[in-house]
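Residue numbers (full-length UniProt numbering), protein chains in the order written: chain A, 1 to 279; chain B, 1 to 285.
Keep in mind the hints are simulated off the structure, nothing from the lab.
Just so you know, even glycine gets a beta-carbon here, dropped at the ideal spot from N, CA and C.
Please note: incorrect hints may appear among the correct ones.
Covered by chain A, per the in silico footprint, the following chain B stretches (three or more residues, Cβ under 8 Å) [said to hold, decoys possible]:
#1 165 to 176
#2 201 to 207
Below, a sample of chain A positions facing chain B; criterion: calculated Cβ distance under 8 Å [as the list claims (entries may be wrong)]:
#3 I94
#4 G126
#5 V127
#6 V128
#7 V130
#8 C131
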Amino acid sequence: MPLSTQSQADDELYVFVATLDNARNLSNILRAIAFKDHAIFSATPNGLKVTVEDSKCMQANAFIQAEIFQEFTIREDLVGFQVNLTVLLDCLNIFGGTTVTGVSTTLRMCYRGYGYPLTLFLEEGGVVTVCKINTQEPEEPIDFEFCSSNVTNKVILQSESLKEAFSELDMTSEVLQITMSPSQPYFRLSTFGNSGNAHYDYPKDSDMMELFQCTKTQTNRYKMSLLKPSTKALALSCKVSVRTDIRGFLSLQYLVRNDDGQICFVEYYCCPDEEVEEE
Amino acid sequence: MKFRGKIIDIACLNHFTRVITTISKLTKTCVLRLTPDHLYFVLSGKVANGGVSMWCELSQVNFFDEYQMEGVSSEDNEICLEVTPENLSRALKTVQNAKAVKVKLTKKHCPCLTVAAELPTLSSVSRVVTHDVPVDVIPRRLWNEFKEPDMPDFDVSIYLPPLKTMKNVVDRMKNLSNFLVMEANLSGEMNLKIDTDLVSVTTHFRDLGNPPWGEDSSQDGGPSQSRDPEAMAEARVDIRKLQQFLMGQQVNPSKAMCNIVHHGVVHLILLHEDVSLQYFIPAVA
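Next comes chain A alone, as it looks inside the complex (with noise of 0.2 Å):
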């Protein structure tokens, strides 16, 4: 049934439903963090919050604002749901998912509360496919308790100088090091892998330091297998702010622009290795 002739009846059950035009805008953010088949779906008032997580010390989110959506309906203050991401992606990419100028495919999300599966309606050129996933309960998103008061280093960077860095990381590195420090070197990734130790500097005045507010030197390892997934967010993002915090703590937080040149967020936290001190 085509989705424009959906019954007025039905909306009426559903506790969420979310439609938008071309369904790339949320299957590309959601592939961003699609490196667990889990994730919690948290849809409130002011848009869907879509979290997937890792060994208890990494934590990604998708932020899609409800003004992204051409419809967005929500009957309850928070609206929380757990699906299998991957299956949900081939559903958003049933039709193909490739990018053909003038075509794309139209989304109608639903849910009716807890119990009930996910309903998706997609519809290309004519054809329409339903799609019922189930759902399950949410877990509790962990609070990293990540707070602006307590950052101690922050700069902003464009993704693009980024970009090259990420994709050349030396991947037999056990962990990758962020150095911030008010002096040299500034802001540095480092890896220490098979063939030798290799470090990538950004200085503070440079054109793609778009903001450096740090104050202290800190330098924290991360383990690679965690923040390594963080480079499709990368990929996809035109700015990325990098943060840690006393603990050493590290969010990055990703400017994401979509198809309609709409702004969406993601963002990523990890805990530092453990094992290691910090210099």
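Since the structure of chain A is already known, use the hints to place chain B on it.
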């Protein structure tokens, strides 16, 4: 037994190569039947290939400029060979810009289909390329396994949606399930469905149209009971078999249709100008 054919038209050569490449994507080995008027690529449904069977018919006159064959005997004027289509496809691909390509049955260390061509080079001397593609001769006593399949007593016949759209959807569904249900009715509606513990997905195709013979096919000529046009005939098939069929299609056919025997078989028919391809996928429980 003798066979020699020559293709000189470059479009015919391209088309012939594409047909063989399509066949090679559908099956690793198959039978090639050569008759005075036709070439048939045949796969008979055996447990080993999941019960899938295929019948591809080419009119020799649409491809070959010269075509001579002498079958096993004058009553059985045909040649039956077991071939690996990929080997033939590979050989043909290397001679795409030849002025003329000859294909003949030869005996080297074993029976072969030899593809021979003169290829132009930068100098005045041409380069001769010969490929010997080994084949097995199939003895006459086994020929009845490779007959043209009967049109099944189908419940619904319907035109297929654009193959590319079907392929995109089936490719994604394969990530989610091993089996897919194909259902269609006489109102031009077809659904592809999967249903697992994690997810159920249904793709609805509308306004596909039904071929004119699409009524209840009473082959005995008796009165056909009119079938409820909305009633769906369905068959549950191994998704990989359907995906394999869709992957192989390189050229848009002029007609593409599907006959469904309820809980029995999915019979896919593709008609091009000079080639017809039938593919049978058995239903599973």
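Outcome of the hint check:
{"no.": "1", "hint": "165 to 176", "result": "holds (count 8)"}
{"no.": "2", "hint": "201 to 207", "result": "holds (count 7)"}
{"no.": "3", "hint": "I94", "result": "holds (5 Å)"}
{"no.": "4", "hint": "G126", "result": "holds (7 Å)"}
{"no.": "5", "hint": "V127", "result": "holds (6 Å)"}
{"no.": "6", "hint": "V128", "result": "holds (5 Å)"}
{"no.": "7", "hint": "V130", "result": "holds (5 Å)"}
{"no.": "8", "hint": "C131", "result": "holds (5 Å)"}
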